[in-house]
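Which chain is which? The protein sequence lines are A and B, in order.
First residue of the first sequence: 54, per our numbering; consecutive thereafter.
First residue of the second sequence: 6, per our numbering; consecutive thereafter.
If you're looking for bench data, these hints aren't it; they were derived computationally from the structure.
The C-beta atom is built at its ideal place from N, Cα and C for all residues, glycine as well.
Certain hints may be false.
What the hints assert, rightly or not - Here are some chain B residues the structure puts well away from chain A; computed CB gaps all over 10 Å:
1) MET6
2) LEU32
3) PRO34
4) LEU53
5) ARG74
6) SER139
7) GLY192
8) PRO203
9) PRO209
10) PRO211
11) PHE228
12) GLY295
13) HIS337
14) TYR343
15) ALA356
To be verified - Simulated crosslink set (PhoX-like; lysine-lysine; CA at most 20 Å straight-line):
16) B:LYS334 / A:LYS390
17) A:LYS390 / B:LYS274
18) B:LYS274 / B:LYS334
19) A:LYS390 / A:LYS344
20) B:LYS54 / B:LYS67
21) A:LYS344 / B:LYS67
22) A:LYS215 / A:LYS239
23) B:LYS334 / B:LYS384
24) A:LYS376 / A:LYS347
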Amino acid sequence: MSETPGVDSLVTETADRLFTQICDHEAVQNAETSGDAPEIWSAFADTGFPWISIAEDQGGSGGSLLDALEVLRLVGYHAAPIPAAETGILGGWLFASSGHEIPEGPITVLPDGGANVTGSVTGDEITLSGTCIRVPWARIADRIAVLLEIDSQSIVASVDPKDCLIQPMTNMAGEPRDTVCFDEVKAAVAPAVPGVDLESFRFRGALSRVALMAGAIEKMSQLTVSYTNDRVQFGRPVARFQAVQQHLVWGAQEAALARMAAETAAREANRGSAFFEIAAAKLIANQAAAKATKACHQAHGAMGMTQEYPLHHYSRRLWAWRKEYGSDAEWSSWLGKVAVSQGAQGLYPLITGGSLNLD
Amino acid sequence: MRFTPTELTNEELDLQQEVRDFLQEELPPGSHEPCLGMAARKDKAFSLKLAERGWVGMALPKEWGGSDRTAVDRFIVVEEMLRWGAPVGHHWVGDRQTGNVILKFGTDEQRERFLPQICRGELGFSIGMSEPDSGSDLASVSTKAERATDGWIINGTKIWTSGAHENDWFVCLLRTSPMEDGNKHAGLSQLLVDLTSPGLEISPIPFLDGSHHFNEVTFNDVFVPDINVVGDLGMGWHQNTTEMAYERGGPDRWLSPFSTVEQLLREAKGSELEDTVSDLFGELVARWWGIRNLSLSVARLIDTGEAPSVESSLVKEMGTRYEQEVVEKLVHFIDLEYSPDSDSLFERLLAQCVVTFPGNTIRGGTIEILRSVASKGLKGLPA
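Take these sequences, add in the hints, and give me the full structure.
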């Protein structure tokens, strides 16, 4: 693992070591079967990693958004089956920016923030109604952070999942994506600080998925290089065949592209406005996931199609993450409008300058 | 393999702005027919103007006429030139690679003789690598240089020699001692050959669209003096491989269709097309942003003294394929018939892209060869 500019290298090393120890192939497989991985979560939580980027005086672990995203990259790299993004840079962020207490256990968020939930506020209490699908790990969460915009004001509710009806569901990787039904659920509510709204939540969600995806694609690429150099056919490692080299190179390129996009977007987000970088990074990661998955599976042959070999932990997560927080169509449409509005002369400066060129 | 993210410093951003202002002044949009990347028109007057500003051979030492600038500075100048479609053809090869080869392997006398002229934008160079029977298997070259008094007598044929009919010199990979069994990389040397040498025959090989870039260059007892041998005898393969690293991974491998795309937006502005192409532009800017960041990271790595051959091969393989994908997307999205003599500049450029871009994944090492180079480098990384 080589260093990323601006990231605390101790974070990288510690998180990588932790996941290498507790999050092997078998542990990930077991989590899929049981629908939970309490021992992985508690080892992860003991380090304070879930709450990086949330200030210590707000109940977090301190550290920068860059550090938090580096941890998420490693969560993706090790296919760790835990709600790391939801507890930290999504749910933790919502709570911290609205003065809610950060609970000890996992937090989850609604994928659309809360856009499809209706709420009526009385004082500092809200009554929520509606049903939300594909909520990550709702079944084990201590709290659900719900973000609503009422009369142009962003507010955050801290919901006790026990007050909701939760139906366990899964995504393509077998990770919990539950259906949560709010039937006039009462919860504490507080206004969010400026800048925290449904739009910024969507971008932040996309940023979290980009980090996870960059890690998973890199792992797939490395597995592929390793496997094809070990696997002998026609008397030599299959990696020596030009037709196979094509898949190795395509996998490595997409891994490099996705990681570069993730790290560049992370740097800009850590600094301020990063709408362009996040949108571009999610689109790149989505397309990289498709290209790398195809190349890496092909290079593995039948072995990659088995449960016994770990490639699927990454490829199936990528299929799911690709669709979360914005599909290819959503981000290419967003970026296209921005690009066209720059005009011909502004097109290249947008590519080199990114969000700095936007109002 | 590691592409470390990097960004431009304030000084580098100033240089970028300076280059943009220069191009806006010299080549305002609409005033010139943009070129498609490095296969650009030769315009010596333009090259001389760039050189006056210190933008040719800029990474070479001041001692030899350069500006002691970095690979990143050169990256900035080159990307702006290429995205603008500027006529960089005259100084292109000398600026990108020959200057580096002479600096790295040449004698002081050669540096004195060539580098200041390269930096002044005066000299044009070609590349003498491929032969009729040696393409991707470059080490099999058979053009022979035989010992003579104070020099070498050369016989054989080089092929696909772009610009040999207009340039001044070319660096040739030649066999200076016979092929040994089992070691075809030995016995090769690099020689600087004057393109006006007696006995040198330069014949055009018309490009598929009828234009003249390629040549076949035949050596009939051409004499090259010892002072034009670059580096050590027998080290040609190693030197040539190093030279190729300069040739790979830069903006010339992913920006060729940019001026076409920009022109589409210019012509689509305010028309029905503007909505149709919006999503297309989203995809294009995202991937260009991503590939540019990788390519910039390679330039930064070169400035730290590393030779990122795996990284640059990966970028070149991806970048040149991307150039073709861009053209395919344009063709797919644009519901019109384009032709080289259309009134629309966009259509003229697109027609040229369609016809000539199949060559982008071939020139400077086919993508198949690049995959082989890169995949060997990927081996041994931790899984």
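Inset, instruction - Tell me, in ascending order, the numbers of any earlier hints that this structure violates. - result: Per hint list: 1, 3, 12, 19, 21 and 23 violated.
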